[in-house]
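Using the working numbering, read the sequence shown as starting at 82 and increasing by one per residue.
Since the hints were made in silico from the structure, they are not lab data.
Don't be surprised by glycine CBs; every beta carbon is placed ideally from N, CA and C.
Please note that a few of the clues may not be correct.
Just the calculated beta-carbon pair ranges, DEER-fashion [as the list claims (entries may be wrong)]:
{"id": "1", "residue 1": "Val303", "residue 2": "Lys117", "range": "54 to 60 Å"}
{"id": "2", "residue 1": "Asp107", "residue 2": "Gln271", "range": "46 to 52 Å"}
{"id": "3", "residue 1": "Ser175", "residue 2": "Gly300", "range": "29 to 35 Å"}
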Amino acid sequence: MSTARDTVNSTPELLELTLAQLPMRDLLLAAPLVSKTWLTITLSPTVQRALFFQPDPQSEPVQNPLLVELFPPFFAPEGQNRWAWPGQASAIMSMPWSKAPDAFRRADASWRRMLVTQPPTQTIVIREINHARMGDFERQAVLRDLSLRMGALYDLSVPFIDRVASSFCIRWHPGLELEGDLTLVVMATQQCNPRSGRILDERFHSQPGIEESLEIKFGQSVQRPRGQEP
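Let's have the full structure, built from the sequences with the hints guiding it.
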């Protein structure tokens, strides 16, 4: 047994393949601390692809499992109630890391650099639907050539729900011939007496200077039929 283990540890190619099979959390946090050799191996292209830091064009469509665990509102099914979609301010504030956010808000936090999917998501369709007394209105935008990382998705989505009566859902379209690899649908209800200011405190906003700035060019707002599913 020790001979086989020694062979793996002394053969970079075998060690690389072995490390790439570890759970992502262990591969990200524990493996680099074992030795300088292991640290070096974790920086190889194979392991970096397994960690979703580098693109893997040959991969079957898959979501980043560590991000699914840490950021559930961005990956949860939308459900039947469009007024209670997963992406609400309350859901953001109850994410697994919300009680100890300082490490997650760092400019060098690893989650910000992680691809949300393999192969990388390249195109996002944004649909913003506003529900008002005079009717429902929708406007759309398309963002392309993204190789989307979680920092950009987070900074793009959260401002939409930092207000009363708003939520979002993300519809993933892996392998489908649609305009976008994913669709970010935002639903907001116009308030008669809107509350000013942010709902989310600074713990849930990226530190100044590190936000991913994606230019959104919305098209013209169009009225939707009442009761039409979003």
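Verification of the hints:
In this structure the hint that Val303 and Lys117 lie 54 to 60 Å apart at CB holds, the actual value being about 59 Å. Range check, Asp107 to Gln271: Cβ separation about 47 Å, and the 46 to 52 Å hint holds. At roughly 34 Å, the beta-carbon separation of Ser175 and Gly300 lies within the given 29 to 35 Å, and the hint holds.
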